[in-house]
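Chemist: Letter by letter, the chains look like this.
Protein chains: 2
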Amino acid sequence: MKKNAFYAQSGGVTSVINASASAVILEAKKYPQIGKVFAGKNGILGALREELIDTSKESKKFIEDLQFRPGGVFGSCRYKLKGIDESLNEYLRLIEVFKAHNIGYFFYNGGNDSADTALKISQISKKLNYPLQCIAIPKTVDNDLAVTDCCPGFGSVAKYVVTSTIEAALDVESMCETSTKVFVLEVMGRHAGWIAGSSVLAQDSHPGAPHIILLPEVTFNQQRFLAKVKKTVKENGFCVVVASEGIKDAKGKFLAESNSKDAFGHSQLGGVAPRLAGLINQKLKIKNHWAVADYLQRSASHLSSGVDRKQAFEVGKKAVQYAVEGMNGVMPIIKRTSNTPYRWQVVSERLNKIANVEKKLPASFISKDGFGLTNKAKAYFQPLIEGEVQSRKKMIYESGKMQMVAKKLRPWS
Amino acid sequence: MKKNAFYAQSGGVTSVINASASAVILEAKKYPQIGKVFAGKNGILGALREELIDTSKESKKFIEDLQFRPGGVFGSCRYKLKGIDESLNEYLRLIEVFKAHNIGYFFYNGGNDSADTALKISQISKKLNYPLQCIAIPKTVDNDLAVTDCCPGFGSVAKYVVTSTIEAALDVESMCETSTKVFVLEVMGRHAGWIAGSSVLAQDSHPGAPHIILLPEVTFNQQRFLAKVKKTVKENGFCVVVASEGIKDAKGKFLAESNSKDAFGHSQLGGVAPRLAGLINQKLKIKNHWAVADYLQRSASHLSSGVDRKQAFEVGKKAVQYAVEGMNGVMPIIKRTSNTPYRWQVVSERLNKIANVEKKLPASFISKDGFGLTNKAKAYFQPLIEGEVQSRKKMIYESGKMQMVAKKLRPWS
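Sequence order for the protein chains is G and B.
With our numbering as the guide, the letters of the first sequence map in order to residues 3 to 415.
With our numbering as the guide, the letters of the second sequence map in order to residues 3 to 415.
Read the hints as simulated data drawn from the structure, not as lab findings.
Each hint should be verified, as a subset may be incorrect.
[Claimed, not checked] With the Cβ distance kept under 10 Å, some of the chain G side facing chain B (calculated, not the full set): (1) F76; (2) R80; (3) A275; (4) Y297; (5) F373; (6) S401.
Where is the CB? At the ideal position from N, CA and C, for every residue including glycine.
Please model the complete structure; the sequences and the hints are all you need to start from.
Modeler: Okay, here's the thing in structure tokens:
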């Protein structure tokens with residue numbers, strides 16, 4: 003019997019999450035047992051609210067072009083379902099909506115929280131005897147999912163960070179004689195240093211930056227940091243620092259939790275880069291500049307990694323294939339089979355191996371002094387940023403029809 | 003008689019200044035009357051210190067590849083020569099170095115300060131009866147040079163800002179239901195709003211951001227700004243702000259000159275974006291994110307505008323042709339002859355029309371409410387960001403030989 007599919011995006015978006023959406027929708031069309039693909043408006047909230055976007059109304063071109071579109075095209079959300087006992091009504095509502103719209107396939111595109119949610123929905127659907135194939139599709143710029151070799155979304159951010167570091171370093175190098183001598187780039191990564199760490203690849207290009215990489219995995223020591231900056235400037239003329247937003251001091255306090263107050267006596271918004279720049283100003287009196295890439299890094303589809311985009315597409319495709327094969331409670335993950343030449347394949351993994359687990363940078367990736375990364379790390383990162391993006395003539399994105407499916411149930415509250 | 007040429011880069015670099023360098027060096031080879039092209043190590047300081055890089059030692063490929071290399075490959079500096087009376091010794095030293103190395107052509111690649119310096123050197127060389135062709139080559143991301151329609155370096159930054167604004171807006175739009183509703187992007191432009199203003203082009207793509215553009219030409223009014231943010235979020239779900247670093251309040255004080263103190267009681271480094279974000283937090287309590295692009299925007303050669311790069315190359319080429327034709331005290335500038343299709347040509351202009359003049363956004367470019375730009379502005383900006391960059395397989399830059407010419411004079415102090 004033909005069943006519809008429900009697809010939702012979850013949490014922070016990436017520059018390639020829509021490639022997974024594109025793959026799910028295109029692949030689903032190949033199987034007669036799958037009817038329509040409904041996308042949740044604003045993620046899982048779309049299911050709770052019965053706000054389902056009928057993707058069959060979009061043109062083929064629109065769906066294909068999603069591969070090159072940053073953001074989450076159907077909307078995403080930060081909405082975590084708690085345990086089944088605590089949030090029973092929400093789970094029951096989801097099943098109710100799925101039943102009302104003849105949904106037999108659930109694809110949840112997110113990180114480890116979403117893997118957990120997909121697992122729980124899979125469990126409750128079994129309890130309620132409602133047949134539902136639950137497949138989580140990996141996505142996170144943080145690259146912190148367990149088991150998978152890497153996460154779709156990460157390679158593109160890494161490429162952005164490497165490229166930006168090389169380019170800014172060439173700029174600083176030019177001016178350091180009479181002007182800026184230190185440049186600090188703040189990148190994402192609240193708990194794991196994958197993004198900051200990937201900047202190590204920039205060292206292979208002239209002029210060999212970054213000189214200092216600050217990771218959440220390494221306790222920030224102000225004195226050692228300043229000494230390293232000073233030494234680097236002395237020896238090299240300038241110093242480029244890539245800092246993870248999540249670095250903490252010895253007391254475990256985020257550096258970005260500034261103690262500073264503004265004119266109104268309110269605490270200022272953080273920002274690790276301005277904090278480090280302030281330190282360098284005050285303690286070393288060295289002219290510096292800083293940048294905070296924030297959303298620019300995770301939305302930079304103009305600079306996506308070809309490998310990353312391909313992987314995002316493949317995990318979406320495999321998710322549909324797994325569902326058709328009758329799998330449930332699994333995630334398609336990336337398995338690396340070779341470094342040089344880089345080879346990978348998509349395999350399935352049980353969600354209970356992935357849900358709620360956070361993978362940090364392994365110790366073997368971090369250099370002895372804690373300010374750099376090892377050759378082993380380089381070998382890991384390099385293939386993930388490879389592959390060019392197709393050149394886009396116009397950076398014009400369409401809105402899409404976003405036609406909603408008629409509601410059948412009472413409003414959700 | 004064969005004379006050598008001296009080329010120097012001045013002030014903040016751009017992602018295409020090396021395209022001008024490449025053009026000067028390649029074009030100079032075509033004329034038997036020009037000997038070698040010496041580049042100043044770290045700009046004009048290289049002439050004062052007699053630190054001359056012999057560009058003839060570099061491979062042809064290295065010189066050609068400069069077109070795609072960010073930063074200032076021979077080094078630049080912030081070093082302003084004052085009036086001839088005040089800085090006579092410096093001017094005399096320059097002429098002494100030029101004489102010692104048989105330099106008859108002086109190419110100075112910079113903004114309006116550099117145009118002034120080139121003009122003064124031209125004047126003093128005449129006074130001293132030392133034959134020297136002085137040509138200034140335009141370069142500035144700020145786009146604030148008089149007379150020329152646009153400045154090489156600007157179009158690429160504009161393209162970066164437009165692209166980043168579109169991408170980040172798609173990101174924010176996806177998440178605004180349950181997460182970030184306001185995104186603030188800080189861009190360069192201390193006195194003129196060309197860079198921030200160019201972001202208006204992003205409005206032609208989905209989802210129509212930026213909603214607010216803050217220009218140095220318009221006094222910042224906190225109340226009106228916050229009201230506009232609030233209204234935009236209410237009507238639209240989210241709001242994207244592009245802010246120039248140079249916005250000032252009614253007292254003429256830069257917003258980035260923060261009153262805030264850090265834990266040590268020191269003034270914190272500024273940053274307009276975190277300041278605006280702090281305001282939005284405190285006064286509107288709306289979740290927001292902010293980015294400061296800083297050097298990333300002006301070094302982003304991976305995203306250079308094809309038009310910009312071509313113009314940077316052409317002004318370099320023309321500078322050599324002007325010199326060979328015997329011109330002196332001029333700058334090759336861009337003249338726009340048509341908007342659609344975009345047509346331009348390079349013409350010469352006297353340096354006294356350009357030196358020390360700063361061109362701001364014309365009033366006709368700024369919308370009535372001061373938060374946007376007009377269609378006239380769009381028509382101006384659009385062609386400058388056109389043209390794709392060639393896809394680079396590897397982001398690897400070489401160091402170059404950077405062989406110094408043997409010194410002949412006493413050290414300069």
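Chemist: Against this structure, judge whether each hint is valid.
Modeler: Now the hints, each set against the structure:
1. F76: Constraint on G/F76 satisfied, holds at 8 Å.
2. R80: holds (5 Å)
3. A275: Because about 8 Å separates G/A275 from the closest Cβ in chain B, which is inside the 10 Å limit, the hint holds.
4. Y297: holds (4 Å)
5. F373: violated (21 Å)
6. S401: holds (5 Å)
Of the hints listed earlier, the one the structure fails to meet is number 5.
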